[in-house]
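Asks: Can you build the whole structure from these sequences, using the hints too?
Protein chains in written order, with the numbering used here: chain W, 1 to 342; chain E, 1 to 342.
Rather than coming from a laboratory, the hints here were simulated on the basis of the structure.
Among the hints, erroneous ones may be present.
The list treats identical chains as interchangeable, and a pair is accepted whether it falls inside one copy or across any two copies.
Unchecked claim - Straight line, CA to CA, 20 Å or less: simulated EDC-like cross-link-like pairs of lysine to aspartate or glutamate:
| hint | residue 1 | residue 2 |
| --- | --- | --- |
| 1 | K11 | E316 |
| 2 | K273 | D254 |
| 3 | K83 | E316 |
| 4 | K206 | E291 |
| 5 | K312 | E24 |
| 6 | K196 | D310 |
| 7 | K149 | E291 |
| 8 | K83 | E284 |
| 9 | K149 | E81 |
| 10 | K312 | E21 |
| 11 | K206 | E188 |
| 12 | K11 | E24 |
2 protein chains.
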Amino acid sequence: MTTQNRQLIVKTWPNGLPRREDFELVDGPMPVLGDAQIMIRNLWLSIDPYYRHSLGPRFLGTPFRRPGDVMMGVTLGEVVESKDPTIPVGRHITTLFGDMQDYAVVSGRDARLLPDDVFGPGKLPLSTALGVAGIPGLTAYAGLIDHGKPRPGETFVVSSASGCVGATAGQLARIMGLRAVGIAGAPEKLAWTVDKAGFDACVSYKSPDFAAELAAACPRGIDINMEHVGGAVLAATLPLMTVHGRVVMSGLIDQYNKDVAPPGPNWGVILVKRLHVSGLRVFEYLDLMPEYERLIAPLILDGSFAYVEDIKEGLEEAPLSLARVLTGGNFGKSLIHIADHA
Amino acid sequence: MTTQNRQLIVKTWPNGLPRREDFELVDGPMPVLGDAQIMIRNLWLSIDPYYRHSLGPRFLGTPFRRPGDVMMGVTLGEVVESKDPTIPVGRHITTLFGDMQDYAVVSGRDARLLPDDVFGPGKLPLSTALGVAGIPGLTAYAGLIDHGKPRPGETFVVSSASGCVGATAGQLARIMGLRAVGIAGAPEKLAWTVDKAGFDACVSYKSPDFAAELAAACPRGIDINMEHVGGAVLAATLPLMTVHGRVVMSGLIDQYNKDVAPPGPNWGVILVKRLHVSGLRVFEYLDLMPEYERLIAPLILDGSFAYVEDIKEGLEEAPLSLARVLTGGNFGKSLIHIADHA
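Replies: Pasting the structure below:
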């Protein structure tokens with residue numbers, strides 16, 4: 001067995017897009033196996049946009065690879081030594097911690113043993129365990145099913161549609177009886193998404209008529225948007241959303257390579273913190289009014305609940321009261337007293 | 001009974017903040033009662049920020065009051081005539097369609113009969129049926145309970161904290177065992193929110209140290225943010241959100257008076273369309289992997305599921321592959337082939 005372990009080392013945090021010269025391929029030491037660990041020979045390395053966060057102070061993530069560190073990477077490896085009895089030598093695993101190198105030692109708990117009955121000769125190619133049948137595929141599945149809550153007949157839109165997550169999500173949506181509409185850039189990606197992946201339509205975000213073309217591709221609006229881009233792409237989908245539509249923030253590639261956050265409240269936090277953001281209109285809750293009144297009345301009457309009213313006299317005061325509530329000039333509930341009970 | 005019906009008429013759509021001269025108080029005709037309708041004498045008029053949308057082409061709403069129309073308004077009225085047997089003359093109702101006038105005719109279905117046992121002499125004042133014990137209170141209740149999903153010990157933040165919705169929501173949160181933190185502007189509002197409404201803290205968005213003061217008031221982060229402002233206020237809360245936190249988009253007063261939407265994907269759509277936006281990180285779904293693999297493998301093997309791989313040879317290609325996935329230069333799942341199975 002070789003004792004050489006080639007490692008891709010971070011030389012310097014990239015300024016903008018990563019370049020070859022920001023990294024260096026070196027002959028590193030062979031890792032040492034500890035208790036409950038396995039050693040793998042990396043066969044396949046997944047390249048994913050979110051890796052960019054590890055390289056320098058990005059506003060969407062924490063830089064956890066510094067100059068001198070081996071670059072992070074999700075890998076598929078062959079087990080060459082094992083001190084974990086559940087992971088035999090010779091089998092294949094995937095791990096988030098394989099890094100960009102020939103050999104890695106990881107805890108058995110951080111490795112996923114690939115099932116023999118799914119991957120291998122006559123079955124799925126190993127490489128798919130990092131793609132359509134791996135984490136990106138699972139992303140599509142969880143996003144569509146768990147976040148999207150799809151129903152047949154609905155319209156599903158996904159950006160980066162020819163990417164692994166997008167293409168998988170769109171095809172799953174189509175199988176489930178939804179209209180699948182993709183957003184992509186290059187003409188060959190648009191063609192593949194429709195011709196090979198069977199999307200109902202795919203629209204180019206590079207088109208000068210992008211918004212109109214997206215609207216035309218979604219004649220009943222967008223019920224589920226699985227977002228991978230953000231920025232102008234997200235801005236084009238939002239006006240087409242149906243009432244009670246679902247937006248699955250799954251990526252925000254528009255921001256991954258930026259040093260400074262775009263202006264305004266950042267949608268990226270939704271993704272990073274896995275927030276649930278929902279729009280409230282009280283008119284959907286009017287049936288709760290009797291329940292609420294009976295809760296609040298005794299609290300007010302016994303003096304334990306505070307409220308303030310900002311009362312003006314006469315209809316003619318309404319315009320200025322409206323101006324005040326728009327600027328915070330009121331204090332408490334703004335009311336106009338028009339008349340007393342006869 | 002009088003036959004004079006004073007009405008506040010929209011003269012012109014306001015340019016910016018509403019002014020007195022954008023409206024005109026006129027003696028209008030008495031309305032005529034039709035089948036299943038009631039006539040009310042308006043006693044109280046609620047003034048709410050969202051009325052601004054009715055006055056001109058705003059990007060967040062549809063202008064539905066034109067010059068010459070009576071201005072919209074939610075009112076509390078005394079029933080003076082009735083062709084709806086469920087709503088007796090002499091009782092009080094609230095309605096979204098009372099408008100800014102002395103007398104209104106509305107469908108009985110569009111009126112809510114106020115319960116005698118809650119409102120009236122010795123009980124809650126009538127005016128509270130438009131405020132703390134009415135729609136704004138219900139907004140606070142539905143937002144906190146249904147959207148916020150509160151748990152004792154969590155931190156609840158609400159902007160426009162001394163406003164009717166904010167003050168009610170914060171007090172309900174406190175009753176439910178949450179830490180209630182308000183955001184407001186004027187010193188007397190900050191003081192009232194803490195001293196009278198019992199919030200644990202209230203922070204001024206006008207402070208130069210607003211973000212730091214908000215962070216200090218929320219030492220365990222923000223689990224629920226009920227948003228009424230947007231813009232810089234929302235931007236200050238987002239970085240403090242805890243993982244799986246909830247943002248209830250209940251208002252966006254920062255935009256109500258603007259003619260043009262701010263740059264970037266607009267959070268206002270979440271509010272208007274009552275969207276559900278959620279952040280997805282696949283690492284929370286790894287237990288679904290076996291289920292997903294067994295779903296996807298047969299689809300790939302029978303050729304009904306398309307995927308593309310973008311494969312480069314050798315670790316040294318990783319930096320440029322990373323640059324490509326950040327710019328959409330890849331086509332399909334980006335992979336580096338490192339080695340073959342021994």
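Asks: Can you give the numbers of the hints that this structure goes against, from lowest to highest?
Replies: Hints 3, 4, 8, 9 are the ones this structure does not satisfy, whereas the remaining hints hold.
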